[in-house]
Amino acid sequence: MSDDSDEHPSWFPVPEEDVSPEPQQRTIINSDAYPMRVLAGAGTGKTFTMVRKIEHLIDEEDVSPDRILALTFTNNAADSMREKLNAKLGAAGYDIDAYTYHSICNEILTDYAYEAGIDPDFEVATDAEKYAIVLDVLDDIEYRSVKPNVYGSDGYASGAASKLLNFIGSMKRSGITPDDIDAFLGPADRVYELADLSERVENIASDHLGGRSVSSVLDSLPDARADLVAERDALGTQGIEASVRDFLDRIIELCDELEAAFEAHEAGDQALPDNAYKLPKYLLGGYANGAPKGIPDDLDLELTEHLDSFLSDCLTARDLTAGYAAYERELDERNLIDFDGLVVETAALMDSPVGEEIADRWDYVFCDEFQDTDRLQFDLVTSLVTDDNLFVVGDDDQAIYEWRGANVANITDELDRAFAALEDEPLEENFRSRQPILNLANEAIQKLDHRERHKTLKRVNEPAYDGDTVATVELPDEDDADGATQLRTVVQNLLSGAADNLEEAYNPGDIALLVRKNDHATPVIEEFEDAGIPYQVAGDLATESVGVGTVTAYLKALARPEDEVSWNRVLLMRYRLCDADLRTLNAGDDPLVDTLCGTPLDEFEEPDRVAEAREHATELLELRDSASLSHLYRELTDITNIEWYLSEQERRDLAQLEDVIEQYGDSAVQPPLTPEFIDSLEHYDSLFDESGSTPTSQPDVADDAVNVMTIHKSKGLDFPVVLIPQVTADEWAPSSRTYDALETGLSDGAEAAFAEDFVERDGRETRRVFHVGITRAEDVLVLQGGIEDDDDAADVHPVSEAVDEILPARIPWQPARGQLPLWTDVQECLPDDAADWTDTLASETVGRVGGTVTHDGDELAVEAARDRVLDLATATLNGDLSPGAERETLQVTSLNGPSTPSPSLSHSYTSLAAYEECPRSHYLDYVVNAFPDYQDATNEARDGVSQREIGLLFHDTAEQAANQAVDRGAEWYEICERLASQRRAEDALPAAKQCIDRYFELDFPSYELIDAEREFELDIDGHELVGYIDAVYRTPDDELLVIDYKATERHRDLEDDKQLPIYLLACRDLYDESVARAGYAYVGEIGPTVESRTFSDGDLAAVRDDVTASMTRIAEFSFGRYTAGDHCQWCQHNQLACAPDSFTVGPGFEE
Amino acid sequence: MSQESLSPSALATYATCPRLYDYREVQDVNAPDRTELYLNQGTIYHETIEDVCEATDRDDPPEVIHDRAMRIFDAKWDEHSSADDYESRAHREYQRAENRAAIESFFAPDGGVGISHARRSIATECWVECEVDGRGLHGKADNVIRTDDGLHIFDYKRKTHGMLSDGTAEYLGEHLDGEAHEPKRVRNAFQTAAYIEGVKNEPFYEDGMEVQFSFYGLLNSTSFESTPTGYDVSARGWGRETTEIYDDHYDTIWALIRDTHDGITGETFEPEPFELINEEACPDCDYREMCADRLSTEVRR
Ligand code: SF4
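Listed in order, the protein sequences are those of chains B and F. Residue numbering for the first sequence follows the working numbering, starting at 13 and increasing by one per position. Residue numbering for the second sequence follows the working numbering, starting at 108 and increasing by one per position.
Because the hints were derived from the structure by calculation, they are not lab data. Incorrect hints may have been included.
As the list claims (entries may be wrong) - Computed list of chain B residues with no C-beta within reach of chain F, every gap over 10 angstroms: (1) N161; (2) A173; (3) D201; (4) L247; (5) K467; (6) N530; (7) E574; (8) R646; (9) E647; (10) V1102.
Claimed, not checked - Beta-carbon label-pair distances, calculated as ranges: (11) E618(B) to E386(F): 31 to 37 angstroms; (12) R595(B) to E386(F): 26 to 32 angstroms; (13) E631(B) to E386(F): 52 to 58 angstroms; (14) S638(B) to E161(F): 51 to 57 angstroms; (15) D273(F) to E813(B): 49 to 55 angstroms; (16) E386(F) to G479(B): 40 to 46 angstroms; (17) E170(F) to D531(B): 54 to 60 angstroms; (18) R178(F) to A767(B): 53 to 59 angstroms; (19) D273(F) to E631(B): 55 to 61 angstroms; (20) F311(F) to A144(B): 42 to 48 angstroms; (21) S116(F) to D606(B): 24 to 30 angstroms.
By construction, the Cβ of each residue, glycine as well, lies at the ideal position given by its N, Cα and C atoms.
Whenever a hint applies, use it, and build me the whole structure from the sequences.
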């Protein structure tokens, strides 16, 4: 961020209120044409438009909010929609029914359980429960072609349990029931009779078509055809037989075309390339070892392979269907419904007589991200629509979940079919990316044949920008090069911003590394690690992270105390036991835990450490069986203070584990820690790899680290800088999927199984994935790729050409199918001003990256300095450091070094107050984000209830109460209880409730609440000051009053106060009327009371000057200056030499 | 014996990584077991072969030996295989079928190698000891067979893939020089040495007897055939003789034994050469989560 501009950087989220719709958007918002479909390109503000349209209905058309149903994919999206409407419409915004496609089903099924014939107390099955059921029904599988191994040499991934889970997933998403499959396949005997049909066709080919010239092959083609016809005619016309029959029909037609072409050749009417006579035998799979000499290898057209893989899927399905049926029975028995089941049940219910009644609950149905809906969801939506009042937005160019069952045609052909009166409105004006990026996106997506609708993205209001926008990086030539160092260098350059090609220096959080597959991220992450570039991998369990490993080991040790490896890990990494003490603990035949608890302390070299470990372990083991997993985890982190031992990166890594822990067990009471939980962590990767990439989950984005995620996960997000690594044909080639022909045959009719080339379909999806990746970028897009030798498809083999001509339309497979020359395409589509960074920003850093550190008169690069610190630390540990020698004293002043580029600063009232108190504490907490000192876990934070926790609880309760327009004490209590249990802060609950009681003794509950937890950013002379205003009320005298709640003991002096004037300054930007009065509402023990006063313009101006002066001074922040005093007792760094000696124990907290 | 006597598998653990030996053998740190089921299966076929050999006379007809083997296998399976080891009955049944097929093929009346193994067996589960250069070795030979020219010792395994062979014997020297990490094949060499030398101390050994040693992979090849009513499993085994490799690489093998042996008795447990070990052994090591040597490199990053 440059500090001389008054404007926000382009990517800064502008508060919605300030945005007025652009013309295209306005047309859509004001239109009353229904049903309407909006095909909206990336970054065109489709959700914004949809929300505004709903607003318009409520505000202008007087539609009651509860008559509107809005559907979207993620809970986040549903929540944010509700919040936006609430912000605009007030409480009415909460009355609109904003749901995810799944949660609406949950809602309907709960309301109509009786009609749906299910127990109203049903629960939604978690992944862990699904897996448990799958394990329980393994014996129901009819093992014939499926091997009964549950796990193999590669773990569970290829075992029967995973197979069944995947099978159920594929089938259920498309609404295919076990009965459907039974009916399609028929008895096992029949499937087995068909199973070698592809081999029989191949035999026909090799028996008849082995001639050595066009004429001899031509002679025998009729015989081959006759055999094929005989095979076909022996087949029935239902289910699997119909599919196979259809395949043979296509092949027979191919024989006819071949015969015609050969005849024409013999008659001299058509030229054929050399070796063309081999084609019939080749196409029908007659050669045992792939393409014979003269037929190009990459032709890839041994057509019997398709039949073969379909039949082998049928064999597998024949075995697994019984397992699927048993799984369904088990779900039912346990009163569970799985995610897909929600939609299945609801769709069925909508088909029943009550369907109409349910649909009548809403007049309007709004759907977001419609391209991601699957077949069932489509049926669901259409059944919910009455009077054609449907509004659908989505982008067929961003349909990237076909592989998970999404049906792209839903947003195109299917809608056309279902709603004859459908109106189309375009949305192509983009507000996100610079035009060169959009040009590339537009061009690249044009390469999609079969693209249904054509959109061209056009940037509006593009701010000026001086720097490269689209940059390419050629992968290095070496065979196995992944080019990770190139990207490391690029990122270093982006962070320093010193290069001329860059307009500014970017923060790590501005940058995203978006990958096609996880493998692409791994080497780059290693480089980031090396270079000390902070990153966050979305949705990754970070099992390789040492810190996470230690925390996990603690959980493992508690779950299975006999697991001594985990104990050793914990003792080593958390308690830092020395080798001798570890040996003492491991010696003897007793279990380690017993030795730990029973050995006299004087037998250890470092008894204190052992004692601490013993105390913690005993306490946690006692807690284990009675506490919920989350509670135990919280206690674990509290008691052991383990986080303190983790690096910043490791703490980030830990977040995902914490999520998993939070979400474990979906029932009201979370189960305690069990070995099963530990096992589920181990299977997490192999079994639910895909669950992270459903359209229903969206990752949290880090603002202080490079975000690393798959493109699938990045959907809906945007970043100033996007890097996409390893764009090559090979690396992006889609992998084939199981069951696709079978699934298609089952859902679209038996004859559809061979109507489409799935590889080509998946190739199209890959292009859309690429499109999504590109359009995430705002300022800078960096594409790294290269061309493999075999992908210059420049010269087409004559045989391929001939095949292309001969193949009849009914053969969906084309020569060189599945080839995806992405990088070649990129080169062709590059805008003129694209830059090649290969030899510049990707090969060397410009300027000094990361600054320098001065030590002992040397100016060291950061890495060298880090090594020196480590060496010194090691020397200290080993006692090799000769005391007194000048050289080894680490000069505190040297810590002043790394300040280029200067970190971007944003101020808040608290940070300013901190600066006033002590510049050093400000520097540590707000500039460099320093670690707090080690804090002994035995202080207040554990025993007493922290004031801070009480304050937070009260504030958040007040905020939620305001959002939900809840104004009774009992309702506040409810919110407060829920929050307390969510964050397991029950300890603070009684005190927080007292605060609530006191609040209700004040006059506020009868005032009108204008705003709560209002975020503001104040720009004062180029400095940014941010914060939140607790509440703004309108008093009975029609005056606006700013209130800050205080749940603490400390009383504030209003005369000298700066916090309130800052809020009042902020109000000038926020409200049209003037606000002059502000005060504190004391709801803590010194309350209840309110103290407020008016501030004159003069008062405000004085504070403004004061604050400006502070902020200007802070521009020269430094570690060097400090002021010691009473406040040191609250400082997180009071173990530094600057603090008075009396504060040697850890800090407490102040609100 | 002048010094501690060690088993080939203990030596092999040290050859994998000295620290691993420290954790597993010296400190005896309990690691959660991962593959109970294959251990039990090993017990089952070992004991089956042992019992068949014990019960078999030189001139028992092949059918009798075969039927005996199948009977014993069934009993051993019931004795040692536990339903708890398997996630499903079907999985257990499949494993049973596979092991049974291996025994079936081993003792096939028409040409199964096991028939002669049983008829000619002179000792099973035979404890052998030896000492060379003051380094003691010991082990238990699965089966010792009387051949026309002497003795042939067999060690029965599930599979012999990836084991010491003519083509890979040269890796032994590279391991010794710290250029390669080949603990599996080193282990095979240790076993070969211990058994060949050890058996010479047994009462049934006579001077001038030729001593051979082979691994035998009972399940070297398995096939799974799917039918409309279920599936069929078959298995086939074969041996891999390492006698000649032992002779050809005698000096290397004994140098390896000396180094390893001295390392253990001298209590040198630093994992060296670390880079090689870190790359080859650490990823699959049961102790990786607690190992200070490995963790310190990670942390340093
Ligand atoms: S983790 Fe590596 S160094 Fe440590 S014991 Fe295992 S193999 Fe040896």
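Evaluation of the provided hints:
| no. | hint | result |
| --- | --- | --- |
| 1 | N161 | 6 angstroms, violated |
| 2 | A173 | 7 angstroms, violated |
| 3 | D201 | 5 angstroms, violated |
| 4 | L247 | 18 angstroms, holds |
| 5 | K467 | 46 angstroms, holds |
| 6 | N530 | 18 angstroms, holds |
| 7 | E574 | 6 angstroms, violated |
| 8 | R646 | 23 angstroms, holds |
| 9 | E647 | 22 angstroms, holds |
| 10 | V1102 | 53 angstroms, holds |
| 11 | E618(B) to E386(F): 31 to 37 angstroms | 33 angstroms, holds |
| 12 | R595(B) to E386(F): 26 to 32 angstroms | 27 angstroms, holds |
| 13 | E631(B) to E386(F): 52 to 58 angstroms | 40 angstroms, violated |
| 14 | S638(B) to E161(F): 51 to 57 angstroms | 54 angstroms, holds |
| 15 | D273(F) to E813(B): 49 to 55 angstroms | 51 angstroms, holds |
| 16 | E386(F) to G479(B): 40 to 46 angstroms | 42 angstroms, holds |
| 17 | E170(F) to D531(B): 54 to 60 angstroms | 56 angstroms, holds |
| 18 | R178(F) to A767(B): 53 to 59 angstroms | 57 angstroms, holds |
| 19 | D273(F) to E631(B): 55 to 61 angstroms | 60 angstroms, holds |
| 20 | F311(F) to A144(B): 42 to 48 angstroms | 56 angstroms, violated |
| 21 | S116(F) to D606(B): 24 to 30 angstroms | 28 angstroms, holds |
Of the numbered hints stated above, those contradicted by the structure are hints 1, 2, 3, 7, 13 and 20, listed in ascending order.
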